[in-house]
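Chain by chain, the residues run as shown.
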Amino acid sequence: MNERKAGIKYRRVRPLDGRLLVGYSVNDWKAVKGRKVSIYPRFKETELFVSTIKAAVDTMFPDARKGRVDHYIIESLQTVYRRELSVYEEGVRRLNQLANSMYSKAFHQLGEKGRTRILEKLEETEFFYTLRQHTMEGMFADPKYGGNRNMVGWRLIGFPGAQFHPITHTSRGWKTPGSVSLKGERVRDGNNNLFRR
Amino acid sequence: MGTIIYSEDSNFDADVVIVGCGCAGGILSRELSDAGLHVIALERGPNITSEEYSMDELKFPIRNKVLWGPQDEPRYTWRPNAETEAERVVTGWSGWGPGGDHLHWGAQSWRFQPATFKAKTVFGQVENGAMIDWPITYEDLEPYYQRFEERIGISGDHTKDPNHPPRSGSYPMPPTVPGFATRHFVKAAEALGYKPFPVPGAINSIDYDGRFACGYCGFCQGFGCTVEAKGDVGLTEIRKARINPNFELRTKCRVFEVTVDDNGNAKGVKYLDENKQVVHVTGKMVIIAANYLESTHLMLISKSPQFPNGIANNHGQVGRYFHMRDITQLIGLFKEPMNAFIGPTPRWAVNHFADDNFSPKEYGEDFVMGGNITGADPYGLAGQPIEFSEAPTPVGVPNWGPAYRDFISKAFTHHYTTRIYMTEPPQKDKFIDLDPEVIDSDGIPVPRVTFDWHPQTTKQHAFLRKRAYEILEEAGAEKIWGGELGEPWILNSHSGGSTRMGNNPDESVVNRYCQTHEVSNLFVVGSSCFPTIGAYNPAETVGALAYWVAEFIKKEVGKGEVKA
Chain A
766 MNERKAGIKY RRVRPLDGRL LVGYSVNDWK AVKGRKVSIY PRFKETELFV
816 STIKAAVDTM FPDARKGRVD HYIIESLQTV YRRELSVYEE GVRRLNQLAN
866 SMYSKAFHQL GEKGRTRILE KLEETEFFYT LRQHTMEGMF ADPKYGGNRN
916 MVGWRLIGFP GAQFHPITHT SRGWKTPGSV SLKGERVRDG NNNLFRR
Chain E
48 MGTIIYSEDS NFDADVVIVG CGCAGGILSR ELSDAGLHVI ALERGPNITS
98 EEYSMDELKF PIRNKVLWGP QDEPRYTWRP NAETEAERVV TGWSGWGPGG
148 DHLHWGAQSW RFQPATFKAK TVFGQVENGA MIDWPITYED LEPYYQRFEE
198 RIGISGDHTK DPNHPPRSGS YPMPPTVPGF ATRHFVKAAE ALGYKPFPVP
248 GAINSIDYDG RFACGYCGFC QGFGCTVEAK GDVGLTEIRK ARINPNFELR
298 TKCRVFEVTV DDNGNAKGVK YLDENKQVVH VTGKMVIIAA NYLESTHLML
348 ISKSPQFPNG IANNHGQVGR YFHMRDITQL IGLFKEPMNA FIGPTPRWAV
398 NHFADDNFSP KEYGEDFVMG GNITGADPYG LAGQPIEFSE APTPVGVPNW
448 GPAYRDFISK AFTHHYTTRI YMTEPPQKDK FIDLDPEVID SDGIPVPRVT
498 FDWHPQTTKQ HAFLRKRAYE ILEEAGAEKI WGGELGEPWI LNSHSGGSTR
548 MGNNPDESVV NRYCQTHEVS NLFVVGSSCF PTIGAYNPAE TVGALAYWVA
598 EFIKKEVGKG EVKA
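Residue numbers (my numbering), protein chains in the order written: chain A, 766 to 962; chain E, 48 to 611.
Because the hints were derived from the structure by calculation, they are not lab data. Honestly, I wouldn't trust all of these hints.
Examples of chain A residues toward chain E, derived with CB under 7 Å [to be verified]:
hint : residue
1    : Leu786
2    : Val787
3    : Phe826
4    : Pro827
5    : Glu902
6    : Asp907
7    : Ala927
8    : Phe929
9    : His934
Cross-link-like lysine-lysine pairs, in silico, BS3-like; alpha carbons within 25 Å at most [unchecked claim]:
hint : chain 1 : residue 1 : chain 2 : residue 2
10   : A       : Lys909    : E       : Lys112
11   : E       : Lys112    : A       : Lys798
12   : A       : Lys940    : E       : Lys234
13   : E       : Lys167    : E       : Lys408
14   : E       : Lys513    : E       : Lys382
15   : E       : Lys165    : E       : Lys408
16   : E       : Lys299    : A       : Lys798
17   : E       : Lys323    : A       : Lys795
18   : A       : Lys948    : E       : Lys112
19   : E       : Lys165    : E       : Lys506
Each residue gets a CB set at the ideal place from its N, CA and C atoms; glycine is no exception.
Just chain E, same shape as in the assembly (with noise of 0.2 Å):
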């Protein structure tokens, strides 16, 4: 499979060009670096450190300074059918700096369960769906899922996982301790027949790779910790592959176009530098790790002769079958405090519901595939007040004057939420492409998003919904609310589809080692690579398939086929 055709240029800046430096793209530089390959990763965002870190709410998720970029840009447009119009421009840049997205993750860090690698066979098809069987297993994936939680620093606890599939080693760390919320939610679940279990979390409960334990303070998602906790790929891998000298990180890049030489192999990539300057970095191969939406806009806008349509798209693949699932959360609230700002992001959580772990047919549902439940989150992402007044109120109690005042000052410590994690089947005609009209400030157009829930999806939530209903009841909540579906134009970071992998170049963008059908010397990583999306959250999927690729390259390298 893929032997890799490198350009016939001879004055190549790198070996490998590795576009954005995230959990992707950090793993890559890694691990290729170490295997004696000279690396040039462009990252869009600025050099962060973990001293610019801080328990500063406002600084941090709610003006996004720091680990996100500009927050007035336009990211995307969006509109629910090919048959309308854009209806909405978001704007508000993803992660960035090295480690991207993970920098501000919620450290949840699950491995997708074997039947998610076999949507179709397990589930089957759905009406208008797109479903089909990753051309990687499980089994496959397993031992960088292993290399990923012994990198990164993973804490949890497998043998209290009722539905656990097979792995080669434990998780390196013991679970961090739940807090009474976290108690408290899992006493009710029990009540119920579930077996709760801890969720596995990037999160260090004891000292683990010259980082420090956690101190339970609560800024955690939206956050960087300020004692290194959290593990992500910017405090482990990119900063050891920092110390290489085959490594090179460029920051503040903003790689517009992969560059194809006359053969149509990939060349380089041309990027605006700081002062907006173009340059044009070539690589014997090149990576394209920028998060799902920005990796299939590059290939978009990428155009040449070669690839009128973007580059590697010349069976019209890329941006297709985009989907995404949704997380909401219902709001319980109880007579005595809970206090669930208190510790690490990552809870428990009850998996009886989630993938094939059962069938909805005995519940004379008619959905496939099931979801993920947590608790006892806080609201929001970490559970600070100025997050957690955005939260909806209960029917009858205004979000503003005397009567917010009363609820706010007994509901922000006396709640906890239970998260529902839904799945989303693929389907035919939902895609990603360039919008027509709205420019960004570098006056490149922006993706356009065409995206809706499938028809199944209000029952699969509705479904999941009233479990995570029960649970809060049983707990003895005064007060339920909360937890409606969200809406198919706020993108979140769990989406897949657009570049996906498959065995077939006319239904898909890669194959199984990331590597674009149509351009050898061309690989995509990260989600947009998944053909379908868990229950489970996609990181540490992102993490395990950089590791699998990179070992792909790495003996491709030894072939002899790249003159390292």
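Excised from the complex, chain A in its bound form (with noise of 0.2 Å):
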């Protein structure tokens, strides 16, 4: 499924249902139905592996490493997106392939520049939808998931967290001084002693 438009420009968010419907061709359902998934995933963490997905997420997104996102997208893989674990595996082994042949190095090796190229290259792919897609997810999602550590990806954007907001909040020019995770842990923007490890 590498470096193929199929599928990828199908898939679309609603504003309506709350939820990516995802729509193939009738071939590309037939061979997504084809894939295989196993109940113990073969998946191996090997070191390239993680460094590509670590470099990979950081390109995606600057401060997606210090949010632990690849750390998300690693757990996810060997339990809820295990569906998509060929999808990765196709993923980063073009990644290397691509840094090899342009600056004949590994894709972590990289600096920002020889990464962004790289990424623009596969930018069509389902790699690359699935890479954003679990970025983001990695980024803004509870901390409980593993990344968005310390609340990083709330505080970059100003989102509060889990809270209910007393009627203060809807006035003019309201700022969050912080946020607040689902486990009721507190950062508050100005006293980073819970960022500094």
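Got two chains here, separate frames each, mind docking them using the hints?
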């Protein structure tokens, strides 16, 4: 499914039903249906795989590593996103192949410019789409899922997290002083104690 | 009209078997079991309770856990017209569990305007159109709209709506408090001469019926409410029905056939239970209330010698005149924070261009029926960040990398949208049938949808988009983008027509009481009965229709036709 537009351009979110509808061509559907998914994934956390994912998410969204997005993705691939594993394996292979042919290096050894140029080449692929979606999830989902560490994603965009809002929060110019996770952890901006490690 | 004749078999499991326990099925469950009938409702989803609800974006609208069926199952195939083969296979089941799609709804609770019920008389016929007047009027449904609003708990202020039809009472609760973004939108709309008003919403502005008031958390559409402030049929009617010993709810049951006796009366339904065992449950009458697509599908796959093309389909009407309307959002980016993610999903509306509230001709336009506009909604459903990351970016802004990071770190808090809600005339040659090739994991052929926008839709879209654009412009947005017409293969829940109601069996499936013309003890209730869709969201009309049908059945039973 690499470097093919098939399937991808038909993926869309509806602002109505709240779920991602996926539309395949009939042939792609047959291919997807035939994809094998094992209960115990054959996924091996090789060093190359991990460092490639780390570099890739950071290229996709700077700060993603700070939020441990790579951690979120690798954990998800062993559980809920097993189905996507083959997409990642193929994508990682392709990233390194391109890095090797263009710069004679592994993808994670490249600077931001090189990594961006390579990722650009894959922009229309299922791998890119999936990586982008999962990077955003890892950045902005509740920290209990392993990403968005210390709520870096939420603090970056000013999202207060899981909380009720008193009427004062509907006043002009209100800005959240920090964020709250589902477990009730709080991070306040201007007091980075939690943030320091 | 429509005396109910029952199967002559004697050992019934129930008086009434209801397929699908969502908005319509849940209401019918409560009404009929309260009336003393023994009701068995079959629900495809598991037993969901509000204890599972949380402010967790990944779990609810992103991974679609809890409130939705399996997302890797094919739900339907699509093609634009009957001359081509299916072009898309679309996966992802819709809402399930007791309450169905009503559980994740956005809680906009509208009455259709009187003109929607008289669509052909008011708007005339369009090219290739299949517009008809409904066999019922707004006045017929009015008491049932009121009942829905009181039972589910709707907050609103009809006196602010410049086009509100006559009503027997007010909303049971005052509207919720508009957030800063909404007040900003209202000011701009008023400056343009419109009369914006609060969208009626199933949101508790005060404690209501044992459920708490809204806490403005914003985890609203796409979620179940953690304090139960968002009213739905699951929290109200179904919960109450389940206390009644007359009512039995069976979950994790997938119905795949409505069975008939030798005389062609409905006898019951067959379903696959949790362990994929086939169970036959019989009833004196059967009500299909399983979402427009699944209801139509169930009729088509229920084949028998009496009904070789699907139950109650000997006139070839099941699936015909399918239509759906689009909803789309324009994004405005502002200098100051708007925080549109705060507060419940229903915002304020400008209905100046809805239905027959204006004349397109006066604007030099030749489309019929108008659409509704709301603001200030966040992008997506309820405005959480992962969904916002799926929003289109303005021209010149990439959707990844450092420039995107900078964009989203401002745009998330500094945007709001105006939404346009269009109308779509039903067409003669658009329909739902069975796909000849694609089957789901139970081996059942999926429905095939043949649908494309009517040619007038692009004109109506351009017109409404311009109006919504002007409001954002007036509000002082620095950048405005998005709001393109959606693609016709992306089915949403605002659809009608495939089992439409009418007086003539040659051009409709059910009569004014949603009773099928061909099988007197079979009813189909849901938006598929709508001959046309109005500018307003359809859920409350689905609910009102269910109360209306329940009233008819109760009267019939009172005649002694059913030994309850």
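Verification of the supplied hints:
Interface hint at Leu786/A: satisfied, since its Cβ lies 5 Å from the closest Cβ of chain E, which is below the 7 Å cut-off. At its closest, the beta carbon of Val787/A sits 5 Å from a beta carbon of chain E; the interface hint therefore holds under the 7 Å criterion. Evaluation of the Phe826/A hint against chain E yields a held restraint, the C-beta minimum of about 6 Å falling below 7 Å. Here the hint on Pro827/A is kept, as its CB sits about 5 Å from the closest CB of chain E, short of 7 Å.
Checking Glu902/A against chain E: minimum C-beta separation of about 6 Å stays under 7 Å; hint holds. The restraint placing Asp907/A at the interface with chain E holds, with a minimum CB-CB distance near 6 Å, inside the 7 Å limit. Interface hint status for Ala927/A: upheld, as the beta-carbon distance to the closest one in chain E is roughly 4 Å, under 7 Å. Restraint check, Phe929/A versus chain E: the minimum CB separation of about 3 Å is within 7 Å; hint holds.
Interface restraint check: His934/A against chain E, minimum CB-CB distance 6 Å, threshold 7 Å, status holds. At most 25 Å may separate the alpha-carbon atoms for a hinted pair to count; Lys909/A and Lys112/E meet this at roughly 16 Å. A C-alpha spacing of about 21 Å is found between Lys112/E and Lys798/A, which places the hinted pair at or below 25 Å, so the restraint holds. Distance restraint check for Lys940/A and Lys234/E: the Cα-Cα separation of roughly 22 Å lies within the 25 Å cut-off, and the hinted pair is therefore satisfied.
Of the supplied pair hints, the one linking Lys167/E and Lys408/E holds, its CA atoms being roughly 17 Å apart against a limit of 25 Å. Of the pairs offered as hints, the one joining Lys513/E and Lys382/E holds, with about 22 Å between alpha carbons and a cut-off of 25 Å not exceeded. Distance restraint check for Lys165/E and Lys408/E: the Cα-Cα separation of roughly 19 Å lies within the 25 Å cut-off, and the hinted pair is therefore satisfied. The straight-line distance between the Cα atoms of Lys299/E and Lys798/A is roughly 24 Å, inside the 25 Å bound, and the hint therefore holds.
Distance hint between Lys323/E and Lys795/A is fulfilled; the C-alpha atoms sit about 24 Å from each other, no more than 25 Å. Proximity of Lys948/A to Lys112/E is assessed by CA-CA distance (about 19 Å); at most 25 Å being required, the pair is judged to hold. Pair hint Lys165/E plus Lys506/E holds up; C-alpha atoms about 23 Å apart against a cutoff of 25 Å.
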